[in-house]
Amino acid sequence: MSLDLDDIREAFRYFDSWEDKYRFVIDTGKSLPTMPEAARIPENIVRGCQSQVWLVTHQRDGKLTFDIDSDAHIVRGLIAIVLAAYQNQHASDILSFDMDALFDELNLIKHLSPTRGNGLRSMVARIRHEAKQAA
Amino acid sequence: MNAANLAMREDFPILKRSANGHPLVYLDNAATTQKPQQVIDTLADYYARYNANVHRAVHALADEATQAFEGAREKVRAFIGAAHTQEIIFTRGTTEGINLVAASLTSRIGANDEILITELEHHSNIVPWQMLCERSGATLKACHVTSTGELDIDDFHEKLSRRTKLVAFGHVSNALGTVNPVDELIHAAHKHDAWVLIDGAQAVQHVPVDVQALDCDFYAFSGHKMFGPTGIGVLYGRLELLDALPPWQGGGEMIEHVTIERTTYNQLPYRFEAGTPNIAGAIGLGAAIDYLNGLPRPELLADEQALVALTISRLKQLPGVRLIGDPAERLSVVSFLIDDCHPHDIGTLLDQQGVAVRTGHHCAMPLMQRLEIPGTIRASFSLYNSGQDVERLVAGVEKAIDFV
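Line by line, the protein sequences are chains A and B.
Just so you know, the numbering used here puts 28 at position 28 of the first sequence, and the rest follows in order with no gaps.
Basically the numbering used here = 1-based index in the second sequence + 1000.
Just chain A, with the same shape it has in the complex:
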């Protein structure tokens, strides 16, 4: 699956109810590949208060790719949106991308707030950290 950022932006432009938006997020989450049980180990856990997020980073040809999974449907959908921006990108592109601005634009910014405790914010911070290491 590869969700395009432009597709996401386009889709969100036409949502006029929260129902449409969350249905899209949940359905998008369902298309995110699940991580094999063997990779769901404590070392790969991104600490979130409520839902669990696992993250594995790979480097190929100067680009970063990520396997990410969560036990919550909405978080999986949000991960898919994050990955639309970060997947298979150069570290410098990851670092220059403004995730807050994207979530603000999609009116999903509350999910990136530190009070939500869904692990998404820590996940973005961890990806940026890995990008810094790779840069």
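No lab work stands behind these hints, which were simulated from the structure alone.
Ideal Cβ placement from N, Cα and C applies to all residues, glycine included.
The reader is advised that the hints may include incorrect statements.
[As the list claims (entries may be wrong)] In silico lysine to any residue, SDA-like type, Cα no more than 20 Å apart, as pairs:
no.: 1; chain 1: B; residue 1: LYS1191; chain 2: B; residue 2: VAL1207
no.: 2; chain 1: A; residue 1: LYS110; chain 2: B; residue 2: ILE1338
no.: 3; chain 1: B; residue 1: LYS1399; chain 2: A; residue 2: PHE24
no.: 4; chain 1: A; residue 1: LYS21; chain 2: B; residue 2: PHE1403
no.: 5; chain 1: A; residue 1: LYS30; chain 2: B; residue 2: ASP1402
no.: 6; chain 1: B; residue 1: LYS1016; chain 2: B; residue 2: GLY1387
no.: 7; chain 1: A; residue 1: LYS110; chain 2: B; residue 2: ASP1340
no.: 8; chain 1: A; residue 1: LYS110; chain 2: A; residue 2: LEU83
no.: 9; chain 1: B; residue 1: LYS1399; chain 2: A; residue 2: GLU19
no.: 10; chain 1: B; residue 1: LYS1075; chain 2: B; residue 2: ILE1338
no.: 11; chain 1: A; residue 1: LYS21; chain 2: B; residue 2: CYS1341
no.: 12; chain 1: A; residue 1: LYS30; chain 2: B; residue 2: LYS1399
no.: 13; chain 1: A; residue 1: LYS21; chain 2: B; residue 2: GLY1021
no.: 14; chain 1: B; residue 1: LYS1399; chain 2: A; residue 2: LYS132
no.: 15; chain 1: A; residue 1: LYS132; chain 2: A; residue 2: TRP18
no.: 16; chain 1: A; residue 1: LYS21; chain 2: B; residue 2: THR1066
no.: 17; chain 1: B; residue 1: LYS1316; chain 2: B; residue 2: ILE1338
no.: 18; chain 1: A; residue 1: LYS30; chain 2: B; residue 2: ASP1340
no.: 19; chain 1: B; residue 1: LYS1399; chain 2: B; residue 2: GLY1294
no.: 20; chain 1: A; residue 1: LYS110; chain 2: B; residue 2: GLU1398
no.: 21; chain 1: A; residue 1: LYS21; chain 2: B; residue 2: LYS1399
no.: 22; chain 1: A; residue 1: LYS110; chain 2: A; residue 2: PRO36
no.: 23; chain 1: B; residue 1: LYS1399; chain 2: A; residue 2: SER17
no.: 24; chain 1: A; residue 1: LYS110; chain 2: B; residue 2: ALA1019
no.: 25; chain 1: A; residue 1: LYS21; chain 2: A; residue 2: MET35
no.: 26; chain 1: A; residue 1: LYS30; chain 2: B; residue 2: ILE1338
no.: 27; chain 1: A; residue 1: LYS30; chain 2: B; residue 2: PRO1296
no.: 28; chain 1: B; residue 1: LYS1399; chain 2: B; residue 2: ASN1020
no.: 29; chain 1: A; residue 1: LYS21; chain 2: B; residue 2: ASN1020
no.: 30; chain 1: B; residue 1: LYS1399; chain 2: A; residue 2: LEU83
[Unchecked claim] Over 12 Å on every C-beta distance to chain A, these chain B residues come out as not near it, computed from the model:
no.: 31; residue: ARG1017
no.: 32; residue: GLY1081
no.: 33; residue: THR1085
no.: 34; residue: ASP1113
no.: 35; residue: HIS1342
no.: 36; residue: LEU1349
no.: 37; residue: GLN1352
[Claimed, not checked] On the chain A side, residues computed to face chain B include the following (Cβ under 10 Å):
no.: 38; residue: TRP18
no.: 39; residue: TYR22
no.: 40; residue: ARG23
Position chain B against the provided structure of chain A, taking the given hints into account.
Below, chain B without anything else, positioned relative to chain A:
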């Protein structure tokens, strides 16, 4: 919903607001209750008219503040049926009360001693005891919980022994609403000469508590879970026991005489109240108690229990709903899960519909481990909730199930 309940809702201005475009349905009362106008006015009045530091000062404002502050202590004493006002120690909340006891007991607990808690506990009634055990070398034991979310009483009796120095448990479980058989547990603990601490955070807003009738040694609770302000709580301790315990924090208020070489300590309860207390919070808690005392509490509790029963029967009719815990005696809380769904998903979708619930482990991770679940969706009721709130919750859950 009867007249008393309807009239009561009017006292809570926040219940008139909306959340995410829908009239607010507030079902997170186990986390904190909303505040009646009477409490809000009392806080504003204190700051507007007689804000001053309490005790010792010679001026009029300090007199008024001290009288209101000590008056609140007396209201708390009467509210929980304590014999002496000195047995009422103001804390920041339940957590601080338990930490106070754990810290002050340090010199009284040895390496051969045991502390008995239960798997139902909130982290606040686990971690301070773990820390005490680390300091003293004592052993921490936990009574098992059954699959219905109740204490395994046989296990409790089995784990009590001559080594047990202290037993600590919740009056009502914050995660499942289980009402523990406190009388039986206290009686059994005292037969083994163990002290008993009760975490009453989830009980005081719902049911009358009489610490003398209970015959417990310590009882801790929070103001904000019983319509009072945040940052104020109460630790009740039996007089002889408190008298024998050393203070845990040093500073102003708690001293009698200080030289560079040594300090003698103040009397109870001030010995355990170092620093300027939460004066406004205590007076606000007093106002919350006045408010509760003016309500037809038995009638309102019966209504609340009917709402809990209605919620359970309505949720059971929905596909994929799994209720967590089925205690014979329950207060306020309905915890549940939806098949193939994380609680966080349901909580988020309920929030979109203006329904405030809590999801997660509810600061009771050992209980979640015991029940082998990641957490629950928790609806917790208070005296001001209505049948309409139940309908909105059920409709919201139904919609959320349809989504995922």
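We went through each hint and held it up to the structure:
Restraint check: the Cα-Cα separation between LYS1191 (chain B) and VAL1207 (chain B) comes to about 26 Å, which exceeds 20 Å; the hinted pair is violated. The suggested pairing of LYS110 (chain A) with ILE1338 (chain B) is violated, with an alpha-carbon distance near 24 Å, which exceeds 20 Å. Only pairs whose Cα atoms come within 20 Å are accepted, and LYS1399 (chain B) paired with PHE24 (chain A) is accepted, the gap being roughly 15 Å. Straight-line distance between C-alpha atoms of LYS21 (chain A) and PHE1403 (chain B) comes to about 11 Å, which keeps the hinted pair within the 20 Å bound.
For the hint linking LYS30 (chain A) to ASP1402 (chain B), the alpha-carbon distance of about 15 Å falls within 20 Å, and the restraint holds. Of the pairs offered as hints, the one joining LYS1016 (chain B) and GLY1387 (chain B) holds, with about 16 Å between alpha carbons and a cut-off of 20 Å not exceeded. This hinted pair does not check out: LYS110 (chain A) and ASP1340 (chain B) have alpha carbons roughly 24 Å apart, beyond 20 Å. A threshold of 20 Å between alpha carbons decides the hint, and for LYS110 (chain A) with LEU83 (chain A) the separation of about 18 Å falls inside it, so the pair holds.
Distance hint between LYS1399 (chain B) and GLU19 (chain A) is fulfilled; the C-alpha atoms sit about 10 Å from each other, no more than 20 Å. Between LYS1075 (chain B) and ILE1338 (chain B) the CA atoms are separated by roughly 43 Å; this puts the pair beyond 20 Å, and the hint is violated. A distance of roughly 18 Å separates the Cα atoms of LYS21 (chain A) and CYS1341 (chain B); the hinted pair therefore holds under the 20 Å criterion. At most 20 Å may separate the alpha-carbon atoms for a hinted pair to count; LYS30 (chain A) and LYS1399 (chain B) meet this at roughly 18 Å.
With a C-alpha separation of about 15 Å, the suggested pairing of LYS21 (chain A) with GLY1021 (chain B) holds against the 20 Å cut-off. Restraint check for LYS1399 (chain B) and LYS132 (chain A): not satisfied, since their Cα atoms lie roughly 42 Å apart, outside the 20 Å limit. Between LYS132 (chain A) and TRP18 (chain A), the direct Cα distance comes to roughly 35 Å. Violation of the 20 Å bound is thereby established for this hinted pair. As the CA atoms of LYS21 (chain A) and THR1066 (chain B) are separated by approximately 55 Å, the hinted pair breaks the 20 Å bound.
A threshold of 20 Å between alpha carbons decides the hint, and for LYS1316 (chain B) with ILE1338 (chain B) the separation of about 11 Å falls inside it, so the pair holds. For the hint linking LYS30 (chain A) to ASP1340 (chain B), the alpha-carbon distance of about 12 Å falls within 20 Å, and the restraint holds. For the hint pairing LYS1399 (chain B) with GLY1294 (chain B), the CA-to-CA distance comes to about 39 Å; that exceeds 20 Å, so the pair is violated. Simply put, LYS110 (chain A) and GLU1398 (chain B) have alpha-carbon atoms about 24 Å apart, too far for the 20 Å limit, and the pair is violated.
The suggested pairing of LYS21 (chain A) with LYS1399 (chain B) holds, with an alpha-carbon distance near 14 Å, which does not exceed 20 Å. For the suggested pair LYS110 (chain A) and PRO36 (chain A), the alpha carbons sit about 29 Å apart, so the restraint of at most 20 Å is broken. Restraint check for LYS1399 (chain B) and SER17 (chain A): satisfied, since their Cα atoms lie roughly 14 Å apart, inside the 20 Å limit. Distance check on the hinted pair: LYS110 (chain A) and ALA1019 (chain B) sit about 14 Å apart at the alpha-carbon level, within 20 Å; holds.
Restraint check: the Cα-Cα separation between LYS21 (chain A) and MET35 (chain A) comes to about 25 Å, which exceeds 20 Å; the hinted pair is violated. About 17 Å separates the Cα atoms of LYS30 (chain A) and ILE1338 (chain B), which keeps this hinted pair within 20 Å; it holds. For the suggested pair LYS30 (chain A) and PRO1296 (chain B), the alpha carbons sit about 50 Å apart, so the restraint of at most 20 Å is broken. About 16 Å separates the Cα atoms of LYS1399 (chain B) and ASN1020 (chain B), which keeps this hinted pair within 20 Å; it holds.
Distance check on the hinted pair: LYS21 (chain A) and ASN1020 (chain B) sit about 14 Å apart at the alpha-carbon level, within 20 Å; holds. At most 20 Å may separate the alpha-carbon atoms for a hinted pair to count; LYS1399 (chain B) and LEU83 (chain A) exceed this at roughly 28 Å. Listed as a non-interface residue, ARG1017 (chain B) keeps its Cβ farther than 12 Å from every Cβ of chain A; the least gap is roughly 17 Å. Residue-level check passed: GLY1081 (chain B) sits 38 Å from the nearest beta carbon of chain A, beyond 12 Å.
No beta-carbon of chain A is positioned within 12 Å of the beta-carbon of THR1085 (chain B); the least distance is around 39 Å. Residue-level check passed: ASP1113 (chain B) sits 33 Å from the nearest beta carbon of chain A, beyond 12 Å. Once the 12 Å rule is applied to beta carbons, HIS1342 (chain B) is inconsistent with being away from chain A; the minimum gap is 4 Å. Its closest Cβ contact with chain A, about 6 Å, brings LEU1349 (chain B) to no more than 12 Å, contrary to its assignment away from the interface.
Non-interface status of GLN1352 (chain B) relative to chain A is broken: a Cβ of that chain comes within 12 Å, the nearest being about 5 Å off. With 10 Å as the threshold, the beta carbon of TRP18 (chain A) comes within range of chain B, its nearest partner Cβ sitting at about 5 Å, so the hint holds. Checking TYR22 (chain A) against chain B by beta carbon gives a least distance of about 6 Å; that is within 10 Å, so the hint holds. Among the interface hints, the one on ARG23 (chain A) holds; its C-beta lies about 6 Å from the nearest C-beta in chain B, closer than the 10 Å criterion.
When the structure is compared with the earlier hints, violations turn up for hints 1, 2, 7, 10, 14, 15, 16, 19, 20, 22, 25, 27, 30, 35, 36, 37 and for no others.
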